[in-house]
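Could you put together the complete structure from these sequences and hints?
Protein chains: 2
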Amino acid sequence: MKVSREKWSSNFNEWYDWVLREAQIYDYGRYPVKGMGVWMPYGFRIREKVVSLIRKLLNDTGHEEVLFPLLIPEDLLRRESEHIKGFEDEVFWVTKGGESDLDVKLALRPTSEVAITYMESLWHKTYRDLPKKYYQIVSIFRYETKATRPLLRLREVTTFKEAHTLHESFEDAESQVKEAVGIYSKFFNELGIPFLISRRPEWDKFAGAVYTVAFDTVMPDNRVMQIGTVHHLGDNFTKALDVRIQNRKGDMVYPHQTSYGISDRIIAAVVSLNGDDHGPVLHPGVAPIHVVVIPIPSKGSEEETRRIKEYALRVYRTLVDGGISCTIDLNDERTPGDKFYYWELRGIPLRAEIGPRELRDSTVYLKRRDTFEAFPVKLDSLTREVRDLLERQSHEMSKAAWERFNATVRQEADLKSAKEILRDQGGVVEVPWCGEDSCGMKMEELTEARVLGVPLDKPFASEGKCVLCGRTAKSTLRLAKTY
Amino acid sequence: MKVSREKWSSNFNEWYDWVLREAQIYDYGRYPVKGMGVWMPYGFRIREKVVSLIRKLLNDTGHEEVLFPLLIPEDLLRRESEHIKGFEDEVFWVTKGGESDLDVKLALRPTSEVAITYMESLWHKTYRDLPKKYYQIVSIFRYETKATRPLLRLREVTTFKEAHTLHESFEDAESQVKEAVGIYSKFFNELGIPFLISRRPEWDKFAGAVYTVAFDTVMPDNRVMQIGTVHHLGDNFTKALDVRIQNRKGDMVYPHQTSYGISDRIIAAVVSLNGDDHGPVLHPGVAPIHVVVIPIPSKGSEEETRRIKEYALRVYRTLVDGGISCTIDLNDERTPGDKFYYWELRGIPLRAEIGPRELRDSTVYLKRRDTFEAFPVKLDSLTREVRDLLERQSHEMSKAAWERFNATVRQEADLKSAKEILRDQGGVVEVPWCGEDSCGMKMEELTEARVLGVPLDKPFASEGKCVLCGRTAKSTLRLAKTY
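Protein chains in written order, with the numbering used here: chain V, 58 to 540; chain Y, 58 to 540.
Be aware that a few hints might be false.
Chain copies aren't distinguished; within one or between two, either way the pair holds.
No farther apart than 20 Å at their CA atoms in a straight line, the calculated lysine to any residue pairs in the SDA-like style are these [what the hints assert, rightly or not]:
id : residue 1 : residue 2
1  : Lys106    : Asp292
2  : Lys306    : Pro188
3  : Lys499    : Lys522
4  : Lys424    : His452
5  : Lys189    : Asp389
6  : Lys91     : Val123
Derived from the structure by calculation, the hints contain no laboratory data.
Listed below in structure tokens is the structure:
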């Protein structure tokens, strides 16, 4: 079977909106508040897989889940001055309770650094308590003035996982940044999402941070999307809120912090990064259902149709008993063709067709959603074969996604061609850079693109001359057209 | 060991505040917004057990989880007029985004009937789609003017599970009310929470409902607490929002709805209903950890202490491998006494002490948190014994809770003694009632209590005469001092 990828790759925006709505993932644009949508049942299940995975990775590394109030009083939010400058144009404010005006305006949390730091000042008094690693999964709110897009740029981000950690020293916090980078790398790998890790430039770090490390991926339209950030906060917030702990020498000092977050964009990525004109192809790491069993009625005999259904149920139970997450579509009002369409649109990795031939041979006709390869499998060995196949699919889909991704990351030694590539092909362009902020900012202006920063793993590994000023390059700088 | 229950039962309010804070369940009164607190790590784990259980019960009965936006535009919230009347004094309003005034005020959801009905009008056009059963677990907000109390009366209720269902007819919705009552009964039983089910009186039903069924329990201070409600909404909301579906005769009709909810109060109940002066005693159905292993160092020999620790780790691994949720306290800076205090305060059902004798005999000294009974168990049979014990504890704790509960439900044929009992002893008093609302409301006034309603299972089973007007009684009416 020849699979068309025309809509997915060349007409991605339309494809994306179609999939979110038609596959019942996220209903957007119809709820009567701009920038806010509804997670529908199937989308919620995909979201749940993503949430469970990050929970597991965080719990396994000593993070503790908490839940803070949505509302932050204005005076508290203003305590760290750089921080509030970064957010104040984007805050939704509650000003009324019933008919009364509130004494103090309350912000819908845009992020929770100050709220959490405030409570940490009550909870922790000594280095013996540290490190502490908290996280929560909540909605955050930003009154975006840019064009909103479902899951990509929302006014209510409903799947914000934010971790906040507290440490005795700057160096301990720096080690935590490394742990967080490791956790996120593992997380994206398990979901089959390719990524680059960059240290964001000074002028684009998180408001209130010492520095910011970010993960970016490339979407099918070749635009770059930030999918995770890790911030070293130093003692900026603990100083602003006057939080001190006793260190091991007995002195009262400001502890250091980190924070790191991921959002709804992860679900945008897993839905988008593998697909075709039939819909998304979900990586087994994120598919809430791995196999759908579809009985194909007999052309002539009702008795045979009945026996096919029975056999299909047996296949279904075999898979369930084997620990495979599986469903069976017994809806009599839909033709097999309707069912194929329905489940392909939901991106289920494997389809198990059961018709007269499979009944006769005690086989199952398995079809891969990613390649549309199909072949019969004996019922006896079904569970094992399915397990192997899912593993192979995970591996092959990740590999293919990385290959597509790598092809969009290019090195250029000339700013004009960098600009042309960014305009015509998108992706990421890496250029040599002298290291001066002024040159970096000028490059953003000239290329009409954004600086992603320098590679985290090899910040100083560049040869040649700065593409802007011609001085000796100190590092590689990444440029991209971003969401 | 004689266990004191003085603080728990006679000084419940103080005990409750102490437990929430000291056992790191919910930090209340220190976060700088009135009526909003912070779920701390241990509390979050208890909450997670409760949430997982209700999710399982709902998913198993065909409910689909969704997630709606927090914000509801004022005009949408006002569409059902009875409904908004019930809430308008209690709504928090967002009026500003950044520096701009919003065109339409946005409510922080007090509940989600109108938002969900609005989207259902886009999603469902025919009876073939029905029944649909949605639910979400979210924060809701009420600008309470009454005194707030942690988990009992909050301005941000953080664990609101609200289900919303859509049906072809009034009767179908009525069957759904029954299913919901069954699900909640099972839920409370698995958590060991005793309850009464009452049909609330007309003057106390949910704003916008045809009728409301409610679950109530009795707290250790003998006050009655509502822990769950189920509403038949009829076609009130679908009419108000003009939502129609094609029924099986081909006519366009208003579908009928139900909604049902539980809240943070469930966690208040599981923490409070079993306890003593050492802290709460968690029912195994809700305890996030079932066994804590505590090594007791040798008095003289470091070598023996080392071997005790090793053996304790072996015990811990045996339990983990046996599928028991278990932790081990290896903190060298705390004495065994500190550890006993710490874990008793967290209500862990079983403690496994390992000292020189247990090392020598290959045993474990098990102690029940509920009765403080203690006895040695052979390592060989540990997992089985622990499993049996947990089952016995569940059973005995539920039984004891029901006995305490039943003793607080009394029948009275005289209003004056009803009033005295309610004032002096609390609990629930059942009196004969003529069925007239005016008599019921008058009873509330005279007894300074609240009418819970009539028993759902035997609404008309009363003898004697209405305690107010003396006419022949038509049913039993329940009165209580409530939270």
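*So which of the earlier hints does this model not fit?*
1
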